[in-house]
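Student: Please construct the entire structure, taking both the sequences and the accompanying hints into account.
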Amino acid sequence: MKKNMRYKGSADYIVSDELMNSVNIAIALQKPLLIKGEPGTGKTMLAQSIADSLDMDLIIWNIKSTTKAQEGLYVYDTVQRLYDSQFGEADVANIKKYIKLGKLGEAFTADKQVVLLIDEIDKADMEFPNDLLWELDQMSFYIPETKETVAAQQRPVVIITSNAEKELPDAFLRRCIFHFIAFPDVATMERIVRVHHPNVEKKLLNEAMEAFYTVRNVPNMQKLPSTSELIDWLQALVVGGISPSKIKQDLPFLGVLLKKNEDLDNLLNQLYNRGQSRGNTITSSLNRYRV
Amino acid sequence: MFTEFFYYLKGYGVPVSMNEWDALLDALEEGMTGASLTTFYYLCRAILVKTEAHYDRFDLAFASFFGDIETPEGMPDKIWEWLDKELPNIEITDEMRRNHRRIDFDEMKKMLAERLMEQTEEHHGGNHWVGTGGTSPFGHSGYHPEGIRIGGESRNLSAVKVAGERRFQEFRTDETLGVRQFQLALRKLRQFSSRVEGAKTELDLDATIDKTCDNAGRLELIWDRPRENNIKVLLLMDAGGSMTPHARLCNQLFTAVHQSNHFKDLKVFYFHNCIYDWLFHDPYCRLPDYTDTEYVLRTYDPEYRVIIVGDASMATSELTRAGGIIEWDLYNDKPGIDWLRRLRRRFEYSVWLNPIPKSMWEWSDGFMTIKRISEIFPMDELTVDGLDNSIKKLRTRSAVGVI
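Chains as they are written, first to last, in our numbering: chain A, 1 to 291; chain B, 1001 to 1403.
No lab work stands behind these hints: they were computed from the structure. All C-beta atoms, glycine included, are put in the ideal place defined by N, C-alpha and C. Check each hint, because a few of them may be wrong.
[What the hints assert, rightly or not] Now the in silico label distances, taken between C-beta atoms and shown as ranges:
1. A:Pro244 with B:Pro1357: 46 to 56 Å
2. A:Pro244 with B:Lys1393: 50 to 60 Å
3. A:Glu38 with B:Leu1266: 24 to 34 Å
4. B:Gly1067 with A:Val195: 35 to 45 Å
5. B:Lys1392 with A:His197: 14 to 24 Å
6. A:Leu133 with B:Glu1375: 38 to 48 Å
7. B:Gly1067 with A:Glu145: 53 to 63 Å
8. A:Ser16 with B:Gly1067: 20 to 30 Å
9. A:Pro219 with B:Tyr1331: 40 to 50 Å
10. A:Gly88 with B:Asp1214: 14 to 24 Å
11. B:Leu1266 with A:Leu133: 31 to 41 Å
12. B:Arg1341 with A:Glu145: 51 to 61 Å
Tutor: Shown next, in the form of structure tokens:
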């Protein structure tokens, strides 16, 4: 591995110093980097950014609840082999032909070093991370059918994301570098938004951000709006041609920010009650959205 | 010094192991900290801490371990700006070392104060003014055997300050948290049916294909036993008046238990202060709507995991005397404590969760009954950590002592 390889962030992804540090530690120590954080804080984007900045290919392994660790290594296509043997279309003696490498296998056999993203590892079964311990540690695995060992030519940079739906086993955690992406503060958020909407009006942005953080601070929300929702919301505001002065008053397109009915009700309730005591005008306009 | 930090972290409840410590030492050997305490802080945290729940403990440990490293505070901002410049390394020769008069710290602080008064512009290099490089005792990146470093790479104060801010306090798991956290804890309560018992009802596709291949294409179906969670849960909740302050917390637990659809069976009953002959079906604890406790004791198999939620706070008579029940229209001919003992003997996998914080148990109104009941049931406080603890106990049969 090249000693001087350092991740410095890329043009379309704002990275905090802390996160940059963690990425570089993981690269230098050749350990997987486990990223946790609120949904929508750019965990998945990070891998893309690392790949771009280090000029490597990105291999994404999306984990679902049914994913088995074995699938990441290789799949032995027995049905195809059976089929071929019955119809005599190919040489079934060569088992190798029926071994299909999974994403992990792909990353190991790549000629150039790659970035491997194991996305949302917590979606899989509880035992899933345990099944990958050896493979991630040694960066190699054995295929009994062909008596071959697949070993990484260049240890891939492994990024693992988790939404904390399940606790990960200690043995797995011990092998990772851990980083928790905190929710960005206002200044960072502004930089992030600027990357996605470089031409958005200053006034519109300020008003929208203020409204956004107000919504986030409403107590008892179940699903807080996050960065990606703010970016979508701004897009909606721009496309909808909403005048900046109206944003805080009307909170248009609330459905983009809040995805749960309960949250919408909650927000309107809070504003409504507060409004009553203060005689605020927000409420009258907000009531239009109460169905 | 570092080894001490290792035990320090353990003392603060950050579970570090030799593995991670080794990795940290490797990283230090590779010079990844760049001699800055801030980078060191992030390096330690990335390698040693594996969950945001422990960030706060780590911050505390770090702040108190490295807290006595200080840099002068209250420097004029302009000085910081002057110092905020990169410079090439300078060669240090013996001659330079000799040239420097040793100055004691107090004298130096005085000198620094005087110089701050006199200096009006940026300086880089040179040997007198505050600036970067050079051999003046003040500034950074320069050389002076005993100088005062101002800013530059070793931003000691800021690391300790970052740690001191305790930004991750809200992630502590010993705080009481929401439904989701409870759910996560409850997910640990599972036990798969073993592959040796039960009916073979699931088509084992892989084995079928293998077998069919072995038969050179003649189909042969292989069946297997499904893997499913075997855990059955019996939740008993106190709905008495003294529980009202904890209603929100209990609600969260209740929601979490209900949403956990991985249990094979879930039964919920309510009681008022203590368990007697009746287990009620709703929190109002009204008479016609109940199941006999006797019936539950006889028919529910001992594999049920019993979670009792209650403040265990009542008048001693409610627990120990026949007829001690708080309801006017009911009479119990066996004292509540007998019922509790019988429950405990029947269900060896059982725990008691108490919404009153553990630190208050000895001081709260119900300290007498809390003590008596915690001798019967393993008791934990109703927090995420407490629930975690209890779940661990529920997974293994805990010994029932003489009760």
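Student: Hint says 38 to 48 Å; check whether the CB-CB distance for Leu133 (chain A) and Glu1375 (chain B) agrees.
Tutor: 42 Å, holds
Student: Determine whether the Cβ-Cβ distance between Gly88 (chain A) and Asp1214 (chain B) falls within the hinted range of 14 to 24 Å.
Tutor: 18 Å, holds
Student: Do Pro244 (chain A) and Lys1393 (chain B) keep their Cβ atoms within the hinted range of 50 to 60 Å?
Tutor: 57 Å, holds
Student: Verify the CB-CB distance for Gly1067 (chain B) and Val195 (chain A) against the hinted window 35 to 45 Å.
Tutor: About 38 Å separates the Cβ atoms of Gly1067 (chain B) and Val195 (chain A), which means 35 to 45 Å holds.
Student: Is 31 to 41 Å right for how far apart the beta carbons of Leu1266 (chain B) and Leu133 (chain A) are?
Tutor: 33 Å, holds
Student: A range of 14 to 24 Å was offered for this pair. Does it hold for the Cβ distance of Lys1392 (chain B) and His197 (chain A)?
Tutor: 49 Å, violated
Student: CB of Ser16 (chain A) to CB of Gly1067 (chain B), is that within 20 to 30 Å?
Tutor: With a Cβ separation near 24 Å, Ser16 (chain A) and Gly1067 (chain B) satisfy 20 to 30 Å, so the hint holds.
Student: Return holds or violated for the Cβ distance of Glu38 (chain A) and Leu1266 (chain B) against the range 24 to 34 Å.
Tutor: 30 Å, holds
Student: For the range 53 to 63 Å, tell me whether the beta carbons of Gly1067 (chain B) and Glu145 (chain A) fit it or not.
Tutor: 58 Å, holds
Student: So the hint says 51 to 61 Å: do the beta-carbon atoms of Arg1341 (chain B) and Glu145 (chain A) match that?
Tutor: 59 Å, holds
Student: For the range 40 to 50 Å, tell me whether the beta carbons of Pro219 (chain A) and Tyr1331 (chain B) fit it or not.
Tutor: 46 Å, holds
Student: Given the hint of 46 to 56 Å, check if Pro244 (chain A) and Pro1357 (chain B) actually sit that far apart at their C-beta atoms.
Tutor: 48 Å, holds
Comparing the model with each earlier hint shows a violation of hint 5 alone; every other hint is respected.
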